[in-house]
Structures are given as structure tokens and as C-alpha cells.
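Novice: The chain contents come next:
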Amino acid sequence: MDAQLKRGVIEACVLKLLTKGDSYGYELSRDVAGIIPISESTLYPVLKRLEASGSVESYTREHGGRLRKYYRITPKGRLGIEDFLLEWAEISKVYDFIKEELP
Amino acid sequence: MNRTDFLQTLRDALNMLPMDEREDAVNYFGELIEDKMSDNGCTEREAIDSLGSMDEIVASVMDARTEHDPAVPHTDPVEGTNEQASHGIKTVTVKAAAVRQIMIRGRNCPIEINRGGSEEIVLRYLQDEYRQFDFSLEQGELRLIQQPQTLFSLFGIRQLFSDKSFITLTVPADLAAALDAQTSNSHMQMDGVSVWGALRLSTSNSSISVTSASAKAMDITTSNGRLTAEGLQASGPITLRTSNARLEAHQIEAGEALTLRTSNGKIVFSELNGTGITMHTSNATVDGSLPHAANHYSVTSATSNGSNTLKHHAHQGPVPLDVRTSNSAIRVSFTDNA
Chain L
119 MDAQLKRGVI EACVLKLLTK GDSYGYELSR DVAGIIPISE STLYPVLKRL
169 EASGSVESYT REHGGRLRKY YRITPKGRLG IEDFLLEWAE ISKVYDFIKE
219 ELP
Chain G
237 MNRTDFLQTL RDALNMLPMD EREDAVNYFG ELIEDKMSDN GCTEREAIDS
287 LGSMDEIVAS VMDARTEHDP AVPHTDPVEG TNEQASHGIK TVTVKAAAVR
337 QIMIRGRNCP IEINRGGSEE IVLRYLQDEY RQFDFSLEQG ELRLIQQPQT
387 LFSLFGIRQL FSDKSFITLT VPADLAAALD AQTSNSHMQM DGVSVWGALR
437 LSTSNSSISV TSASAKAMDI TTSNGRLTAE GLQASGPITL RTSNARLEAH
487 QIEAGEALTL RTSNGKIVFS ELNGTGITMH TSNATVDGSL PHAANHYSVT
537 SATSNGSNTL KHHAHQGPVP LDVRTSNSAI RVSFTDNA
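Respectively, the protein sequence lines represent chains L and G.
For what it's worth, our numbering labels the leading residue of the first sequence as 119, then goes sequentially.
For what it's worth, our numbering labels the leading residue of the second sequence as 237, then goes sequentially.
Isolated chain L (complex conformation) (with noise of 0.2 Å):
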């Protein structure tokens, strides 16, 4: 799959995720994982980017002895998910017009 397009669907992956409660970075990329093969390293950048646009906002809490940083979707995620939604409802439409023509 193109690069930037993957980490679109990822970033998506994590919002969803996130509306069925708070996560943290390991818990999300197995559960990403799940849904779509990646490498832990690649859910950094995707996490950085959707809290620098403010859809997902990190605490920091304490978990056995240490400190862990978890994830929440803000209100801006929720309609990031609504976006892309839209967006591939376009792209599924596309999909069936290409797929259709072949013989």
C-alpha cells in the first residue's frame, strides 16, 4: 500500500480505537496490528501527528511503578473518523466503477 495513504488508514485505525476508551502506545499497536499489518515504529509518527493537529490529547499516568502516557480522542478525532468515512465512501465508488469494467 502507498506509504502516505497507509498512514492515513492507520491514523484512522487509532481514532477508532480510541472511541472505545483511552489506550497507550503498546495496546494500540497490537490492536492496530490486528486490523492492519505495521511495525510499532510506525505508529510513533501517526501518534505525533494526530495530537499536533488535536485530535488525540496524551496524560501521563502511573501504572506498576511507572509512568505510562495514554491516549484520548478529542472531539476534533471524532469527526476526523466522520472525514474519512466520507472520503471512502467516494473512493468505494471509484472502486466498483473500475472493478465493473473488466471483462
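Hints are computed from structural coordinates only; laboratory data are not their basis.
Quick caveat, the model's predicted, so the values are computed rather than measured.
Where is the CB? At the ideal position from N, CA and C, for every residue including glycine.
Do not take every clue at face value.
[To be verified] Reference excerpt, derived from the structure (chain G facing chain L, CB under 10 Å, subset only): (1) Phe265; (2) Leu268; (3) Val294; (4) Ser296; (5) Asp558.
[To be verified] Covered stretches of chain G, as calculated for chain L (at least 3 residues, CB under 8 Å): (6) 271-277; (7) 281-293.
Could you slot chain G onto chain L? The hints should help.
Specialist: Below, chain G without anything else, positioned relative to chain L:
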């Protein structure tokens, strides 16, 4: 390789990044290793190996950079009582090229501004439960705003602070930005800073000292505290204000009006330049020397119950000079006695 060595290798590989970004990445991967070990039960070695090659990791971290703003976004917001507030000395590094305006608002917090390295602006401040800051960089405007303390923490808690508040700002020479820094009840100090835009410094009930600075225009204010200005240069106006304290101004060059105001405190000066010079105080002397000859100026002066060397000055020179005090002497001399 163990976790500590791995993270140090990563830190070294990222040494070209600003400290905040570097530490953020190191923390992320450090946490990842720990979580793998606790959630998966794998060994430290297995956890590290499964991360991929160091090159891959470094590439990801650099990838994260190009995609966002060249400053660290605000992290660790203060939430309810069951979450940890972010503590300690925060350091934020920003590429100077990205900044057109700097706004700092402190409360009861000394501010120090200095000149530093060539391309980066560095902000350092102390954050804890009682002293919280909001940092943002949006469309070239860098803001650091100290939040008001809650009523609970105001009473008595301040005295318990073991660490003193501070904000320090370091900027490169000839910063193409305007700078507006304000605090209260605390000393402010700036040395060796040159900015292209307007400079505004303000505090209260404290001294303020500005040395070797240049800007498009300057407005420096305090109250009930000594104002010391030396080696200032602006293409526009320079205004220096305090009250109930001494104002000292030496080697000041304004491209427009130069104004020195205080009350109940001496004005002591030398080598002042401007298209107009105003020096007002009360109940204290105005004492110093101005460049050029007496006929360079046209004078308005007034005092009561004191001698006045400008009393009989009747020249109509190009630079208006307005000197006022009360109950004290005016002693203004001119360096060029031709």
C-alpha cells in the same frame, strides 16, 4: 543489548533533535519495551529485538518531525485528582525561523531573557501543582501563559515552595520577531538581545534591568522598583517607566521619542538620544549629561524648591527636551560645551 544501552543508543542517534522531541521519542520506546515485557511476558532482549532495527526507529522518529509543527505541542494537561500533573523544569525548543511573535505572561515569576545559540529559541520554566503554564505555537505566535493559581493554593502554600519560580527565554541574535513579556511582583532582566520587532517588557513591584538590547521600539515598565537601562537602541520610540524608584538610563538611542518617567525617585542618565527627550519625576533630582551642545535642544523644564541648570536655556534646537520634577534640583549638562 539491555534496555538502558538501547535507549542511550537511540538518544545518541537522535542528538540532532531538540531535547524535548528527543526525550519524547526515547520515553515512547522505553515505555513500549516495558509494556511488551509486562503484557507479553517476554524478556528484555526479545522486547528490544521485536522493535525493529535502530535505523527503522530513527527513520520513524524523523518522519514524525516533518509532519508536524516545529515545536513540541502541549502535553500532559492537568486533569482531575487521580492523574499526575507534569512536574519539574520544562524546556521547550523551537526553531527561530518559525516564530514571528513571542508572548510570555508570568505571575509572581521572575523572567530572564538572554541571547543564545544561532537558530533556536529555548524557553525554560518551572511547572508544578501550583504553577501551571499553557504553551502554544500557532501561526508563528509562540505563547507561554502562566495560569492563575486556584484560591486554595494561594494561602500559605507559596511560602512552602522549595523551588523558586522562573521563566527563562533564550533567543538568537537578530530574531525576526516581536517580543512581549510580562510578569508581576518579580524581577525582570534582559541582556544582549536584539529583535527586529517591537519589545515590550512589563513587571510590577520589582526592579527591571535591560542592557545591550535593540528592537524596533521599546516599552519597558515597572512600578515601585528600580529601572536600569543601558545600551539600548531602537529605530522607533523608547519608553522607560517606573514609579517610587530610581530610573537609570545610559547610552540610549531612540529613532523617535525617548521618554523616561518615574516618581519619587531620581533620574540618573547619560548619552541619551531621540527626536524628543522627556524626563519626568517628582521629589527627586534629575541628574546627568546629554550629548551634543545646549543649542541642539529646545527646552521646557520645571521644578520647585530646587536649582535648575536648564532654567535659562533659551535655545530653539531641533530636539525638544522636557524635564520636570518637584522639590528637587535639575542638573542637566551637555557634553559638547562649544
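Novice: Determine for every hint whether it applies to the structure shown.
Specialist: The hints, checked one at a time:
About 8 Å separates the beta-carbon of Phe265 of chain G from the nearest beta-carbon of chain L, less than 10 Å, and the hint is met. With a least beta-carbon distance of about 5 Å to chain L, the hint placing Leu268 of chain G at the interface is held under the 10 Å criterion. Given the 10 Å rule on beta carbons, the hint for Val294 of chain G holds: about 9 Å separates it from the nearest Cβ of chain L. With a cut of 10 Å, the hint placing Ser296 of chain G at the interface with chain L holds, because the nearest CB-to-CB distance is about 4 Å.
Because the closest C-beta pair between Asp558 of chain G and chain L is about 52 Å apart, greater than 10 Å, the hint is violated. Residue count for the segment 271-277 of chain G with a Cβ under 8 Å from a Cβ of chain L: 4. That meets the three needed, and the coverage hint holds. Counting residues of the segment 281-293 of chain G whose C-beta lies closer than 8 Å to any C-beta of chain L gives 5; at least three are required, and the coverage claim holds.
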